[in-house]
Every structure is written in structure tokens, then in C-alpha cells.
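Asker: Please build the complex by placing chains B, C, D, E and F on the supplied structure of chain A, with the hints as guidance.
Spelled out from the first residue to the last, the chains are:
There are 6 protein chains.
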Amino acid sequence: MAETGLYIGRFQPFHLGHLEVVKYILGRVGRILIAIGSAQYSHTLENPFTAGERLTMIERALGEAGISPGKYLVVPIPDMNVHKLWVAQVVSQTPEFHVVYSNEPLTVTLFMEAGFKVEAIPFFSREEYSATEIRKRMINRQEWSTLVPRSVAEYIREIKGDTRLRNLSGSDKLPKL
Amino acid sequence: MAETGLYIGRFQPFHLGHLEVVKYILGRVGRILIAIGSAQYSHTLENPFTAGERLTMIERALGEAGISPGKYLVVPIPDMNVHKLWVAQVVSQTPEFHVVYSNEPLTVTLFMEAGFKVEAIPFFSREEYSATEIRKRMINRQEWSTLVPRSVAEYIREIKGDTRLRNLSGSDKLPKL
Amino acid sequence: MAETGLYIGRFQPFHLGHLEVVKYILGRVGRILIAIGSAQYSHTLENPFTAGERLTMIERALGEAGISPGKYLVVPIPDMNVHKLWVAQVVSQTPEFHVVYSNEPLTVTLFMEAGFKVEAIPFFSREEYSATEIRKRMINRQEWSTLVPRSVAEYIREIKGDTRLRNLSGSDKLPKL
Amino acid sequence: MAETGLYIGRFQPFHLGHLEVVKYILGRVGRILIAIGSAQYSHTLENPFTAGERLTMIERALGEAGISPGKYLVVPIPDMNVHKLWVAQVVSQTPEFHVVYSNEPLTVTLFMEAGFKVEAIPFFSREEYSATEIRKRMINRQEWSTLVPRSVAEYIREIKGDTRLRNLSGSDKLPKL
Amino acid sequence: MAETGLYIGRFQPFHLGHLEVVKYILGRVGRILIAIGSAQYSHTLENPFTAGERLTMIERALGEAGISPGKYLVVPIPDMNVHKLWVAQVVSQTPEFHVVYSNEPLTVTLFMEAGFKVEAIPFFSREEYSATEIRKRMINRQEWSTLVPRSVAEYIREIKGDTRLRNLSGSDKLPKL
Amino acid sequence: MAETGLYIGRFQPFHLGHLEVVKYILGRVGRILIAIGSAQYSHTLENPFTAGERLTMIERALGEAGISPGKYLVVPIPDMNVHKLWVAQVVSQTPEFHVVYSNEPLTVTLFMEAGFKVEAIPFFSREEYSATEIRKRMINRQEWSTLVPRSVAEYIREIKGDTRLRNLSGSDKLPKL
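If you're matching them up, the sequences are chains A, B, C, D, E and F in order. At position 59 of the first sequence (counting the first as 1) the number is 59 in the working numbering, and the numbers step up by one without a gap. At position 133 of the second sequence (counting the first as 1) the number is 133 in the working numbering, and the numbers step up by one without a gap. At position 115 of the third sequence (counting the first as 1) the number is 115 in the working numbering, and the numbers step up by one without a gap. At position 160 of the fourth sequence (counting the first as 1) the number is 160 in the working numbering, and the numbers step up by one without a gap. At position 27 of the fifth sequence (counting the first as 1) the number is 27 in the working numbering, and the numbers step up by one without a gap. At position 76 of the sixth sequence (counting the first as 1) the number is 76 in the working numbering, and the numbers step up by one without a gap.
Since the hints were made in silico from the structure, they are not lab data. Warning: the hint list may mix true and false statements.
Claimed, not checked - Straight-line distance between alpha carbons at most 35 Å, and here's what the computed DSBU-like set of lysine-lysine pairs gives:
| no. | chain 1 | residue 1 | chain 2 | residue 2 |
| --- | --- | --- | --- | --- |
| 1 | A | Lys23 | D | Lys71 |
| 2 | B | Lys71 | B | Lys117 |
| 3 | E | Lys117 | F | Lys160 |
| 4 | F | Lys160 | F | Lys136 |
| 5 | A | Lys117 | F | Lys71 |
| 6 | F | Lys160 | A | Lys117 |
| 7 | D | Lys71 | C | Lys136 |
| 8 | B | Lys117 | A | Lys136 |
| 9 | E | Lys160 | F | Lys71 |
| 10 | F | Lys136 | F | Lys71 |
| 11 | C | Lys117 | C | Lys71 |
| 12 | A | Lys71 | D | Lys71 |
| 13 | F | Lys136 | C | Lys117 |
| 14 | C | Lys71 | B | Lys160 |
| 15 | E | Lys136 | E | Lys160 |
| 16 | D | Lys117 | A | Lys71 |
| 17 | F | Lys117 | F | Lys71 |
| 18 | F | Lys23 | F | Lys136 |
| 19 | C | Lys71 | C | Lys160 |
| 20 | B | Lys117 | C | Lys117 |
| 21 | E | Lys136 | E | Lys71 |
| 22 | B | Lys23 | B | Lys160 |
| 23 | A | Lys160 | D | Lys136 |
Keep in mind it's a predicted model, so treat the numbers as computed, not measured.
Extracted from the complex, chain A is given alone in its bound form (with noise of 0.2 Å):
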């Protein structure tokens, strides 16, 4: 059986960044294991959308990029704040993997801890390819749907998701009591 790679983010929400490293892991193994890490949280300016709507997002945009359902696979991983147990919660959801791509160094350091392999993912995505940058222009009403493949846009308008992202920033606005 092919390698798989196991591919860790937060995608709030997956944006063309995203699906390029989708593609380049894709480029390097039989199969993508995309574990939607922070879970449980949405309707943060941080989470703003559920895991579930998050996995709708990805489905959507392998689709629309025409990776087959076969090539990958897509798990909710909950967040644990006692991080010395993380790697084990994620290797108890999920199917066996044998390469961990990831950037962000709290992943890598405590992978390689834990004896996996861990490899790099190379800088390819533009500047403007940030979820940051995106909830950004959302709350601020800027073009943010060329950031994101063409179905996350149409399904983040179809959730409102924009709407709630600005709702849930008018905190600021309003009298608190």
C-alpha cells in the first residue's frame, strides 16, 4: 500500500494555499490524511466556522479540483491544551500514516518527539493565502472570495459565513453591561 501523509490545519477557512499543499503532498504520497485540527471551536473571530462546515469546505474543494474521493481523507482532530497527549489523541482517530507535513512548530516539535517522520511543506502560497487575511477582509466587507477556491466561496455565502464573522466582531460596538 502507498505512503500516506498526514496534513494538520485549522482551514478557518481552506483558502488556495491550502489546496496547494494539498496538491504538493499529493505530489508525494499515495494518499492525504487532512486532519481539521481545533474541532471543537467555532463562532470565534479566531474559529469561525465548525468543523463541520469546515469539512464541507475541503469536500468541495477537492472536488472542484477534481482530486478523487480515494486520495484522501478528512477527520475532525479536537484541540487538547495538555499537549504531551496530542499526538496520541490524533494517531487514535485516524488511520495509519507515515509522514507528517507540517510548518507550524508546536506539530513538528511534538511529532518528532514522538519518533514520526516530519517534513517540511516549501513556501509556495502567495501573502495573501492567510485565513488571518481572509477573516480580515470578511469583517472589513473587502474582496476576500478570490483567496478561496470558487465552491468555498459560494458555500461560505451560502452559510452567511461572512455575515456571522462580521456579527461576531461587533463586540467593540455595542454597549456591554
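Answerer: Positioned in the frame of chain A, the structure of chains B, C, D, E and F alone reads:
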């Protein structure tokens, strides 16, 4: 049976602005359900008082204001950092309610997505009717008692609440090892 | 200020025996604090009703019995399986109380070890005033409504509580995969 | 877009009866969402396999049965002992679904109370297509592999899953201190 | 540096059989790491004593037996019901160890799957050196103190531990509402 | 039996200032109980080391300083964000103690409210005996080892603790998706 309105706050402490809101809501519905949010927290600079202490403040303040015990119900509600479950949490811990009064963006967003009727609270409170301002004054030994109902001021002094907050704020003054 | 007595129960459901206890305690102290234990649980055979539903039962039953809202306070208290922390949990979620009324061995042991005054409840309730018996009758479609206050029986029918319990008990009758 | 059906189970392990249900549901809706319940548990007599191992079983079994990866999605869902929050938990972790297939009383009750369309699953599985029976046979070293898809039997042997279960069951045979 | 052996137990209470095991392990390794399992529990019939009380029992018993404090280390370890994370939990809370001594099937299974060296403990303890037996005798007011080290018997009497257990066991003797 | 003093810290890492405090306390009481706070955390910039690693540092440092194992006991204590339960948590996980040594405002406030005797620690440590300073130096590849006991410096190098911290701090240097 007349309508019940839900009013959620942290009430750290319960002040004259909160009392105005209670009266405003009782002018619109037959009964008010006061939910003490972040119920599990206490002894921090943001949340100095326990849920039980806040419950006592509310009972005394409403008694002082001549509001009959049959017109309101107070229920402590622990926070959940898994936001998408929080409306279900509130519903499971409270009697039936028909309308939610809130200006807090997260509360408004979550209850609206869950299909509840949500109404904004007009901003008739003076600038200083803010719990943040009151806690700041307690820490700085400035006059704070004019911003809360008299019975609340007495109770806070009785439990030495202002001293507790001042002690908690001492973090930066002592040698940390 | 008169003494407050704490009475902790699960009230699944609140029945005529519980009402007798409330009256007994109100004959001894100025005010009763009714704590709904296991507040987070519902939809099990042991705990069919939510804390909010149980709170509603208590309010209606005490109203029916002519007990003034100013004489009692009801507070939901989540269970902790870390027993040694439970008294601190109860104390932090409630206004001050002076005596604990209980026959439940764990409650008696924990509050006595914490230095509280604990008093036993005399056993004047008839055999069938038992929540276990009432739940059993609901499941078996036997007469149960004579064992609870009339307003509680009406409320349980209103929310189809007996049907819920019967559905939940269906576990062994359906094919399990 | 065609309808999606939700099918929740523990799949300890995934057996031929489960496979029949998957086929039955796929005869009625366009896509099946298979939720692995009690996802956090493993290494007990009731829940010997991790969510990741169960996910692997399902993928292999459905592959063996010729069901295309585009027709199904598997998502691990941790249990919540706070039942009233569980539907919100499932919804937050999954893409949209339109009908819930279940015979399990708690699942049926909770999803019906939340307003979902729930349909029963006909009982065409033979008596022995029961995960309990299979686990019992594994412990007693009886033939169990005919009750699961061939690929699942192979996988369980590969990870020594039957040995694990036998080891776990040894509790009463060893001196306990 | 000499090898360290890990010995995990609940020690409810620590008895002469446990002491024999400690001596046995110290005959094989340079140092013993005694992990108090289920550390968060107390005040139940199965787990009457707090972790702190059990720690005190172990220190006194080993002192009485003339085992030097430098030869052992005691660490409380809370249970996790997510078994697959438990080995990582133990490792994160303890200094390095080289071999695990256990007859408990779950412990043996989990540490072996994680790649640790696990050794069985020979069964030289008499039948009655069982914590279950000791707790039963405490409840029934039978002689139990001959089954534990003298210093442990004294400590349990000092904290009225046998009375606590007898009180906790009273569940079925009192009217339950 | 002589008095026991409780000393609570995070010890990230244990440094020469901590050692001075241990000696100071041992000059006043017969025995010191060293509680490792925030025991569940590790692999963050604030809490890089596990409780087990910190326990090892303390044992080695006290051994190097010639303090006999019989004079001290080290116990890991997980944090609780529900502060009002924390004293009960500490008490349940430790042997009896008679006085708490602390300058940390939250610790002082909580133990004083619970009725414990609390004493301040004089500030004889030099400015740089600060765990924050040491972690900063590790990250910046500056000299840090003179601020900790020699045995602690050796141990941190042995487990590559300074490299771990440097890796964890890399967050802002890598492309984040």
C-alpha cells in the same frame, strides 16, 4: 402564561446599569430569567465573584428595588468554550423563555442561528455603569459604591469583595519566582 | 436574617414526598435553598428530565402549595465525579446557607467532613413517594400522577415526559447493531 | 443535491450486519454519513478498537463491497454524557444531513426532540450479526471472522485486535492487588 | 544510573500485599516509582481515600518497613477514560522509568502496545491481602487492621477512614427521595 | 511530628532562586511539600517542561544541594480554571501541611479565604533568578545555565530542553497557513 425574557450577563458585579436593564425587560415581558454567565469562574480580575455571590447581589438589589420574587428567576450557567453547544446548554438549564435580550455579539449570533427571537437593549446607562469601570475603581481604591445598588455595595463590603479584588490585582507587585 | 437550609436532590421527578420535605424544612428555617443535583444530566432512565424541566416542576409545585417565591431559591448544581471538590462546588454556586438537610450518605459524609451542620430528614413519606417507583410506573404505563403534585403531572404531560421515558426505556426491544 | 442520511454506530467491530444497513440506506439516499460514536473510547471490553481503527475497517469493508468513496463519509464523534447537548455536537462536526437512520432509543429520542426526520432500520440481519456476539467469540477463541467482511477480518488480525480483546478480558484471572 | 521500575495501583488502602510487591520490585531495580492511580477519586465505596491520604499511607508504611526515601518516589496519576492517551499521561507526569510491573490486563495491554517492557508480579500474597476484602471488613466492623502495615492502620484510625467508609456504605439503609 | 510547609510553583525550569526558597522554608519547618503547579501543561513557551521533567529537575537539584529525600516531597498538581475549587484540589492530592509559603496573589488569596496560614517569602533572589528570564535566554541562545543548579543544566541539555523551547518559539518565523 405571560412571556418570559432571558437576560444573560456576568454581573461582576451587578450594578445600576444592570438594574435598569432588568426594569426595561420587565416592562416588556411578564417575567425575567436572569442567567449568570461564566458561572464557574471567580477569583480572577475579570471574574472576581462566585456565582453564588453574584446571585446574592441580584436578589438583594431586586429586593431593594421592590421587584417581587415572583417576577424573576436567577440561574447560574457555566461557560462552554465549545460555542456551538452553548445555546443547548442554556436551554437545558432553564425554564422556557420566549425572547432573548442581549447586545453581546456572540450571544446574539448563537441564539439567532438557533432560531430564537433576539432583541437589542437600548443604551440608557451612563458611561460609568460598567462592571469594568467598577472593578478598576475597586483596585485603585476609588469611589465605586455609587455605581451599584446600596444593598450590593453593603454585601460586597460584607464579604470584603473589594479587598479580594485588590489582592488579586497585586500580581505585578510581588517577586515572582 | 433568618437561617437558610440547603436541600439537595435530583428530583427526577419532583414528587409529593419532596414537597413534604420542603414543608418540613420551612418549618425549621426561614428560607430553603433547593439544589438540583446531577444538573447536567437528562434523557437517561435514571435522569430523564433536564435541570430546566426540574426547575419548572419545583416552581409550579411550590406555587400550587402556596409557598411564597421569597421563601425558596432553586439552583441547578452539576455533579462532579471528583467528590472531594463537590462541597466547594456547591458553596461557590449558592448564596450562604447554615444547615444541610440530607439522608444521602455521600452528601452527609462530605458536608460533615467540611464542617457543616447536617441534619437528617424524618421519614414521613409513604413508600411509593419514590422517584424510582414513579419512573417505573411511567415506563409500564401504570398510574403515576397521584404521586406528584397536580401541577407537576400536568407539566410532565405537557412536555410528554412520560413518553420520553418510555422511548428511552425501549433499548432492549429493538435490534441493536 | 441528493439527500444525505446519517447513520450512527459504535462499530466495535464493523460487521456484515452494519454493511447491510449501509447498503439499505444507500438505496434510499444519495449519500451516507457514517458517524463513529463513542469515538474517544478504546481498549475496553465494550469498545476495544480506536476510532482510527474503526474508520479503517469501514473504509476497507466499503471498498471490498464496491461502494465508491464519493458515496459515503466517515466522521468520528466523541460521546457526551450530557445528552441534551449531543445533537448539537453531532451537527457541529458533520456536513449537512437530512434524515437520521437509527433504532437506538436514545438517538431516536434526541434527534426527534430536536426536530430531525428519523427513520427506523429494518431488521434483516441474522441473529449473530451482533458486535457483542463477535467480541464474545474473540474472547472465547471461537470462529468470528465469518461475521465480518473479509477485509475487516484481515485488518483485525493485522493489528492483533482479537488478541488485544482477549488480553483485556483477562481481568478476573490475575491476582488483583 | 540504576533502573527504575514503575508500579501502578489504587492502594485503597495500601496493604501488606502491596508492601510485598514493593520489596519484590526493589529486589530487581534500583528505584521504584509508585503511581497512585485513580488519583482524583475518593469518598466512594471503591475509592474511599484521597490521593493525599494514600500517599501518606505509602510513606508511613515504607518508613515503617525501613525502606529509605531515596529508593522510592510516589506520584498521583489521575485516571483517563480515554485509555489510548493514558500511557502518554503517565509518562508526562513521572520521571523516566525502564520497566513496568503489573498484572492488571489494561495496564499490561496499553504499556505493551506503547513498546514498554512489562513484567508480571508473582502472586505470593495471601488471599486476604486484597483491598476489596479490607474495605468489606471495614464496612462490616470486622478485624481489618492485621492486613495492613501497623502505621497504616494507625493513620486510617487517625483520619477515621473506616468510619467514613461505613458512612458511605449506608446508602441502602436510609430513605431515598 | 514537625510542621510541613507547602511551596507551590511552576518551576519552568527549577532555578537557583527556587532552591534558595526551599532552603529558607526548610529553615522554618521540618519538611517541605513542593507542589508542581500547572502539572498538565508542557510544550508551550510559558510551560515548556512536563511535570515529570520538572520533578526530575527538583530531585536532582535537591540531591546536589545535599537535602535529604526525607525532608521533602514533590507532588504534581494540575491547574483548575475553576479557582474556587483549587484549594480543595491541592488538599486532596497532598499529605497534611500546616503553612503555605507564597507571594503569588491568587494562591495567597485562595488559601487565606480557606482559612490556611499563609506566609510571604522574602525576596533574596537576584533579579535574573526568574524562570521567564531563563526561558528568554534559552530562546535567544544566551547563557542561561549559570542561573540553575548544575544538575538541572545537565538534565535540560540531556533532554534537549533548550532546543525544544527554541523550536516552539519558531512560530512567527514559518509560513502559517
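Asker: For a C-alpha distance cap of 35 Å, please report whether Lys23 of chain F and Lys136 of chain F respect it.
Answerer: Holds: Lys23 of chain F and Lys136 of chain F sit about 26 Å apart, inside 35 Å.
Asker: Is Lys117 of chain E close enough to Lys160 of chain F, meaning Cα to Cα at most 35 Å?
Answerer: holds, 24 Å
Asker: Would the pair Lys136 of chain E and Lys160 of chain E pass a check requiring their Cα atoms to be no farther apart than 35 Å?
Answerer: holds, 16 Å
Asker: Does the alpha-carbon distance linking Lys117 of chain D and Lys71 of chain A stay inside the 35 Å limit?
Answerer: Holds - the C-alpha atoms of Lys71 of chain A and Lys117 of chain D are around 32 Å apart, at most 35 Å.
Asker: Does Lys117 of chain B pair with Lys136 of chain A here, judged by a C-alpha cut-off of 35 Å?
Answerer: holds, 29 Å
Asker: Does Lys160 of chain A pair with Lys136 of chain D here, judged by a C-alpha cut-off of 35 Å?
Answerer: violated, 50 Å
Asker: Hinted pair, alpha-carbon criterion (35 Å max): Lys160 of chain E, Lys71 of chain F. Please report holds or violated.
Answerer: holds, 27 Å
Asker: Compare the distance between the alpha carbons of Lys71 of chain B and Lys117 of chain B with 35 Å, and conclude whether the hinted pair is satisfied.
Answerer: holds, 21 Å
Asker: Quick one, are Lys71 of chain C and Lys160 of chain B close enough, alpha carbons at most 35 Å?
Answerer: holds, 27 Å
Asker: Please work out if Lys71 of chain A and Lys71 of chain D have their alpha carbons no farther apart than 35 Å.
Answerer: holds, 14 Å
Asker: Does Lys71 of chain E lie within 35 Å of Lys136 of chain E when you go C-alpha to C-alpha?
Answerer: It holds: about 32 Å lies between the C-alpha atoms, which stays within 35 Å.
Asker: Hint check: Lys71 of chain C vs Lys160 of chain C, CA-CA at most 35 Å. Holds or violated?
Answerer: holds, 30 Å
The structure is inconsistent with the numbered hints 5, 7, 13, 20, 23, although it conforms to all the rest.
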